[in-house]
Amino acid sequence: MQASRARPLVSFGGLYFGLAAAFLYLPILLLILFSFNDSRTLVFPLREFTTRWYAELLHSPELLRSLGNSLWVGLLSSLVATLLGTMAAIAIVRFRFRLQGLFMAVSTIPLVIPSVVLGVALLLVFAQFGVPLSLLAVGIGHTILNIPYAMLIVAARLAGFSNHLEEAGMDLGLTYWGTLLRVTLPISAPALLAAFLSSFTTSFDEFAVAFFLVGTEATLPVYLYSQLRFPSRLPLVVALTALVMVTSILIVLGTEWLQRRSLSTRRRSA
Amino acid sequence: MSQFSVELRGVCKTFPERGERQELAAVQDLNLQIRAGEFFTLLGPSGCGKSTTLRMIAGFETPTAGQIRIQDQAMNAVPAYRRPVNMVFQDYALFPHLTVAQNVEFGLKVKGVPKEQRDPAVKEALELVQLPGHGDRKPEELSGGQQQRVALARALINRPAVLLLDEPLGALDLKLRKAMQFELKQIQSQVGCTFVYVTHDQEEALKMSDRVAVMSQGWLLQVGNPSSIYEKPATRFVADFIGETNFLSARVLKASNGSVLVEAAGREMLAQWLNGHAKVGEDVTLTVRPERISLFTANGGHRKGRLHGVAQDVTYLGTDTLYRVGLESGEGLLVRVQNSSGVPRFSSGDQVELSWDPADAQALVE
Ligand SMILES: Nc1ncnc2c1ncn2[C@@H]1O[C@H](COP(=O)(O)OP(=O)(O)OP(=O)(O)O)[C@@H](O)[C@H]1O
Ligand SMILES: [Mg+2]
Numbered sequence: 000m001q002a003s004r005a006r007p008l009v010s011f012g013g014l015y016f017g018l019a020a021a022f023l024y025l026p027i028l029l030l031i032l033f034s035f036n037d038s039r040t041l042v043f044p045l046r047e048f049t050t051r052w053y054a055e056l057l058h059s060p061e062l063l064r065s066l067g068n069s070l071w072v073g074l075l076s077s078l079v080a081t082l083l084g085t086m087a088a089i090a091i092v093r094f095r096f097r098l099q100g101l102f103m104a105v106s107t108i109p110l111v112i113p114s115v116v117l118g119v120a121l122l123l124v125f126a127q128f129g130v131p132l133s134l135l136a137v138g139i140g141h142t143i144l145n146i147p148y149a150m151l152i153v154a155a156r157l158a159g160f161s162n163h164l165e166e167a168g169m170d171l172g173l174t175y176w177g178t179l180l181r182v183t184l185p186i187s188a189p190a191l192l193a194a195f196l197s198s199f200t201t202s203f204d205e206f207a208v209a210f211f212l213v214g215t216e217a218t219l220p221v222y223l224y225s226q227l228r229f230p231s232r233l234p235l236v237v238a239l240t241a242l243v244m245v246t247s248i249l250i251v252l253g254t255e256w257l258q259r260r261s262l263s264t265r266r267r268s269a
Numbered sequence: 000m001s002q003f004s005v006e007l008r009g010v011c012k013t014f015p016e017r018g019e020r021q022e023l024a025a026v027q028d029l030n031l032q033i034r035a036g037e038f039f040t041l042l043g044p045s046g047c048g049k050s051t052t053l054r055m056i057a058g059f060e061t062p063t064a065g066q067i068r069i070q071d072q073a074m075n076a077v078p079a080y081r082r083p084v085n086m087v088f089q090d091y092a093l094f095p096h097l098t099v100a101q102n103v104e105f106g107l108k109v110k111g112v113p114k115e116q117r118d119p120a121v122k123e124a125l126e127l128v129q130l131p132g133h134g135d136r137k138p139e140e141l142s143g144g145q146q147q148r149v150a151l152a153r154a155l156i157n158r159p160a161v162l163l164l165d166e167p168l169g170a171l172d173l174k175l176r177k178a179m180q181f182e183l184k185q186i187q188s189q190v191g192c193t194f195v196y197v198t199h200d201q202e203e204a205l206k207m208s209d210r211v212a213v214m215s216q217g218w219l220l221q222v223g224n225p226s227s228i229y230e231k232p233a234t235r236f237v238a239d240f241i242g243e244t245n246f247l248s249a250r251v252l253k254a255s256n257g258s259v260l261v262e263a264a265g266r267e268m269l270a271q272w273l274n275g276h277a278k279v280g281e282d283v284t285l286t287v288r289p290e291r292i293s294l295f296t297a298n299g300g301h302r303k304g305r306l307h308g309v310a311q312d313v314t315y316l317g318t319d320t321l322y323r324v325g326l327e328s329g330e331g332l333l334v335r336v337q338n339s340s341g342v343p344r345f346s347s348g349d350q351v352e353l354s355w356d357p358a359d360a361q362a363l364v365e
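Taken in order, these protein sequences are the chains called A and B.
Residue numbering for the first sequence follows numbering that gives the first Met the number 0, beginning at 0 and increasing consecutively.
Residue numbering for the second sequence follows numbering that gives the first Met the number 0, beginning at 0 and increasing consecutively.
Hints may be right or wrong, so weigh each one.
Simulated pairs of lysine to any residue, SDA-like, Cα-Cα distance not exceeding 25 Å [as the list claims (entries may be wrong)]:
| # | chain 1 | residue 1 | chain 2 | residue 2 |
| --- | --- | --- | --- | --- |
| 1 | B | Lys231 | B | Ser293 |
| 2 | B | Lys110 | A | Pro109 |
| 3 | B | Lys110 | A | Leu101 |
| 4 | B | Lys108 | A | Tyr53 |
Here are the simulated distance ranges between beta carbons [what the hints assert, rightly or not]:
| # | chain 1 | residue 1 | chain 2 | residue 2 | range |
| --- | --- | --- | --- | --- | --- |
| 5 | B | Ala73 | A | Val251 | 53 to 61 Å |
| 6 | B | Thr13 | A | Thr174 | 22 to 30 Å |
| 7 | A | Asn162 | B | Ser227 | 36 to 44 Å |
| 8 | B | Glu123 | A | Asn162 | 58 to 66 Å |
By construction, these hints were calculated from the structure, which means they are not laboratory data.
As the structure is a prediction and not an experimental result, all values here were calculated from the model.
Every residue gets a Cβ at the ideal spot worked out from N, C-alpha and C, and that includes glycine.
The whole structure should be built from the sequences, with the hints applied where relevant.
See below:
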């Protein structure tokens, strides 16, 4: 037997995995490791195992407050982004109207605008119209940032099932709005949830826009950044980021799972 | 109250052509009267406007001009959800997030019928379509034929005055299709509502319908029962689209009421004429169905009323034999002869004589 082609020493898949492990998973591992390490300096060798940083988190009111702020901003801005994104998706997928191409382009432009630029631009606009720098301003910024993602996720789902389903709804006695509520939205539910979760994670760890727009109340990423000036607080920050990261990964996996499920039911119903 | 279940008066539908500033006329000046309890079929090739017509009756499309009446009520301003019609879609359009029973009861639930009345109705509807006991399944767990039945039950449970079916059997394999054709007819006679059926399959249309409307490029060409559509086609298109047929070019020599004397294939012959006044000297097309032509052994001499030709292709089809006969005029004719012991068989190259009853030949305007 003879191998028909010489096998490369390292496969591309192996190379990619190695790099990913080195640059992505290793830092994450370190983060988790140091979050349980009983020392204020983040250097090897490791000391005793401790959960005191996690315990201290609970007694750090400012930090908890910024966490709460982030949760609120994330929740509300994701809700609004999902709502508006869904409306835009329905308009794009289910209707034909003049200037549809323009509408589509305008709704997806935030995808390619760097968030720093968006942050500065919004700062200017809010200053003009007298909107104070606040969590509200951050929420508006995050909503704008998230609408295109939400729209694309929901549009993919809508494009995946025939509008005959909606016509069948009307044929069976539902009004347009009744059909939306009892046919379109239930069938799109996995995509709506996916849009919401993906918006939430984006908002939760968004820094650039928030940095420009926060007032006195910081969001979590902004607060963490401000804490970097105090080396003694570093282990706390590490513990918190470890927590946030694990939660984010869980949410991302959940979103992925939902999208897969919605894709597979689409394939089966096609 | 008029006897018509659905009436279309001068209905037109144009779509704006995408990208260009043109308009596409999908349905042109359509007049139809569909009787109550009738199995009425819209037949025509792809893109002729069948679905658009059906969708206008359902209320999913608005006519650009004309009026649609259902049970003597003008429907133009009535939205789809308030029309006394239900639709069966080609792709079934079953709600994937609901079970079979929830799909079937959907219309009743929307109307606010209480559960005690819905449940027996669902059971009855599923029995009607021969799917008893399938209520708890999800649509995706059913075969195409079963999904089709669920779609039918979901529509019929509402007891619509008119059931609209858009190529409902299009996605089924041939065997299932034939079985469902038969079953649909039976269901229709049981429920007694008007069926408006869309298909591009002429055989299916002839087999199932009380009356057929043949459409082409948005125009209605002919309406009639299957035998009149088949035997008395009004245009060359209809003759060609429905079944197999022969065409000979001809010229009118003499015209009288209902028939014409024409010259065709180098001979004078009589033919039926259904298109009003024929003009002497006008070029027309003569059409004769292959099975209406008789073949004889040629025995020298020219017998009156027979054409002469040579058998060219012979195809044995079991019950029939199909001959392609080359005429002296250079034209060719298909002839279908039923195989039985008394009938002479010919082989390729044989001299033959042909004839047909003038009542079986139609002269058509081009
Ligand atoms: N929503 C629409 N927008 C633009 N053009 C349309 C639309 N619906 C139908 N048409 C056009 O109108 C014409 C008639 O279409 P229709 O669907 O009624 O044909 P059909 O007879 O049902 O054909 P098929 O057998 O392929 O279903 C076609 O040329 C089609 O492209
Ligand atoms: Mg069609």
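Return the numbers of the hints above that this structure violates; sort them in rising order. 2, 3, 4 and 8
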